[in-house]
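Protein chains: 2
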Amino acid sequence: MYETLAVVGATGAVGRIVLEQLQQRNLPFKKLKLLASERSVGKEVRFNGEAIKVELLAPGAFKNVDLAIGSTPDEIAAEFVPYAVKEGAVVVDESGYWRMDPKVPLIIPEVNPDAANKHEGILASPNCSTTQMVVALAPLHQVARVTRVVVSTYQATSGAGLPGSEELNDSVRSALVGQTHPPKTFQHPIGFNLIPQIGSSKYEGYTSEEMKMVYETQKILGDDGIQVCPTCVRVPVTNGHSESILVETEKHISVEEAKELFEAFEGITVVDDLPNNQYPMPRDCEGKDDVFVGRIRKDISSPNGIAFWCVSDNLRKGAATNAVQIAELLMKRS
Amino acid sequence: MYETLAVVGATGAVGRIVLEQLQQRNLPFKKLKLLASERSVGKEVRFNGEAIKVELLAPGAFKNVDLAIGSTPDEIAAEFVPYAVKEGAVVVDESGYWRMDPKVPLIIPEVNPDAANKHEGILASPNCSTTQMVVALAPLHQVARVTRVVVSTYQATSGAGLPGSEELNDSVRSALVGQTHPPKTFQHPIGFNLIPQIGSSKYEGYTSEEMKMVYETQKILGDDGIQVCPTCVRVPVTNGHSESILVETEKHISVEEAKELFEAFEGITVVDDLPNNQYPMPRDCEGKDDVFVGRIRKDISSPNGIAFWCVSDNLRKGAATNAVQIAELLMKRS
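These protein sequence lines map, in sequence, to chains A and B. Heads up: the first sequence begins at 1 in our numbering, then just goes up one per residue. Heads up: the second sequence begins at 1 in our numbering, then just goes up one per residue.
Treat each hint with caution, since some may be false.
No distinction is drawn between identical chains; accordingly, a pair holds when it is met within one copy or between any pair of copies.
Unchecked claim - Calculated pairs, DMTMM-like style, for lysine to aspartate or glutamate (alpha carbon to alpha carbon, straight line, at most 25 Å):
1) 298 to 250
2) 30 to 299
3) 298 to 223
4) 33 to 79
Since the hints were made in silico from the structure, they are not lab data.
Build the full structure now, drawing on both the sequences and the hints.
In structure tokens form, the structure reads like this:
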């Protein structure tokens with residue numbers, strides 16, 4: 001039984017949506033505790049008509065907490081998760097810090113729910129760009145085994161939290177009057193520009209964000225043989241990550257089969273009618289929980305390839321929604 | 001000898017840069033004629049200190065013209081090129097209409113200059129997204145033979161001419177105040193959005209823009225065996241196309257070799273220092289004539305692959321600069 005639920009990072013861009021999702025999905029807990037850094041302590045947040053005060057995230061905060069959902073940066077998660085677990089909470093963590101720990105299952109409920117059965121108090125939710133891609137890969141992998149993925153991302157500024165979205169607006173406004181807004185959140189001005197770097201330089205010319213797409217995909221699908229070549233790019237879009245994906249499979253599947261597999265999979269919505277200009281776009285996917293797939297076509301450069309375009313709200317399925325779904329899964333099974 | 005040069009479409013986004021390039025590069029012609037549609041007839045354009053009146057593009061306009069550079073939409077080029085040739089002009093055409101005609105050489109001067117030796121009055125300049133990609137592929141192809149290319153583009157609105165760039169500004173301004181600017185040039189609002197469609201539905205789920213990248217690449221490199229899988233996407237950037245490219249080669253080349261090949265190739269500038277946040281971006285490449293290459297790294301999903309990021313000013317090397325370079329090539333050889 002999970003009676004007391006804590007939301008950690010409750011006032012951030014993702015934390016807010018976690019609270020929204022908890023209300024919408026009507027999860028069966030009795031008491032809600034909101035935790036955040038000193039800056040937000042004492043703020044009141046309304047939840048199901050009730051005003052709840054934000055408390056300090058610090059050792060001792062998780063006594064009597066059964067389940068916690070963490071939406072914090074890596075360095076905060078590195079610190080709080082161990083004492084939360086020690087104090088008796090099970091933690092669903094959205095940060096990148098614990099994902100690759102062999103003792104921590106990395107979960108997308110539609111893809112690998114059974115991995116949640118075995119944990120030692122920590123369960124991780126994948127990186128935003130990985131989650132939407134793996135949801136789209138899963139139905140193809142189940143039938144035809146994915147051997148290789150080439151992916152180029154078009155990632156929204158909200159991936160860097162509220163400061164990212166604010167910097168995009170400031171940068172665009174400045175550019176419209178011929179000025180340059182000095183970047184703080186991003187490496188360079190993002191208004192009317194593209195930045196082909198997300199995260200830091202990590203491995204042989206790939207960034208940390210790109211390597212997450214490699215390792216997390218292999219871990220979630222339970223197959224180290226899947227080869228992934230990612231390119232992650234920040235684009236001047238507020239919310240909603242997009243991905244151009246080419247997937248090669250061991251067994252050949254036709255475009256028609258691929259479409260049927262996508263359509264039948266929980267959590268995927270197919271929008272695919274090029275002659276009528278219909279395909280997923282960030283402005284249409286914002287505020288929705290599904291992964292949207294379109295431009296589904298045969299890869300004309302390999303015998304067993306399928307190319308497609310995938311968009312999802314990175315704050316939702318890429319973060320808050322997936323974490324709440326993991327919490328839901330644990331509650332159902334408890 | 002090419003004594004009289006005509007610029008067709010002289011008042012458009014690309015035509016203006018053709019004139020700028022003709023002045024900068026100091027091409028050895030004696031007389032300049034400016035041609036455009038009725039709307040622009042009578043306008044005066046300054047060239048090397050002299051005011052030149054725009055004349056009507058119509059049969060008869062090419063008498064005494066030796067060489068013409070055409071920057072017009074396909075349907076205009078379909079009409080004027082035949083009578084221009086009949087009246088004695090050699091035409092360097094930037095439209096898509098003549099490119100795949102087997103009698104028309106398709107030229108990038110750094111890549112296949114010799115193809116310009118044999119023509120029947122028409123020479124074509126490739127599609128903007130193709131040109132920058134093929135410039136980047138050429139040095140690798142010469143040494144290791146390119147067998148396959150997977151490319152995802154991030155294409156600027158100026159690719160749709162001046163109306164495209166104006167629509168981006170209008171769309172962004174509207175979005176900043178929570179409104180939607182009704183799209184005219186693009187299929188959907190482009191401000192803070194992405195449109196995964198450039199051109200019309202053409203072949204098995206691919207667009208006309210994407211199929212240009214397939215066929216034109218094969219034609220310019222003279223190798224029908226090169227397999228290309230393209231995804232073309234419009235992004236809210238004013239000027240400068242970007243491309244995420246994965247290339248597989250018959251012969252293995254190391255990242256170091258690839259960098260050296262790029263650096264040694266005329267027309268390529270390498271900007272590649274990820275640890276110091278250095279790579280090509282549209283805002284840095286605007287107004288420049290080179291193709292910029294960065295994020296050069298081993299493809300971690302295939303034995304013989306190189307991945308990289310490529311940016312170029314689509315109005316320059318992607319259009320005006322390349323066409324003026326073809327004219328220059330013809331003049332040098334005449």
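Self-check item: Indices of hints not satisfied (ascending)
Solution: 2
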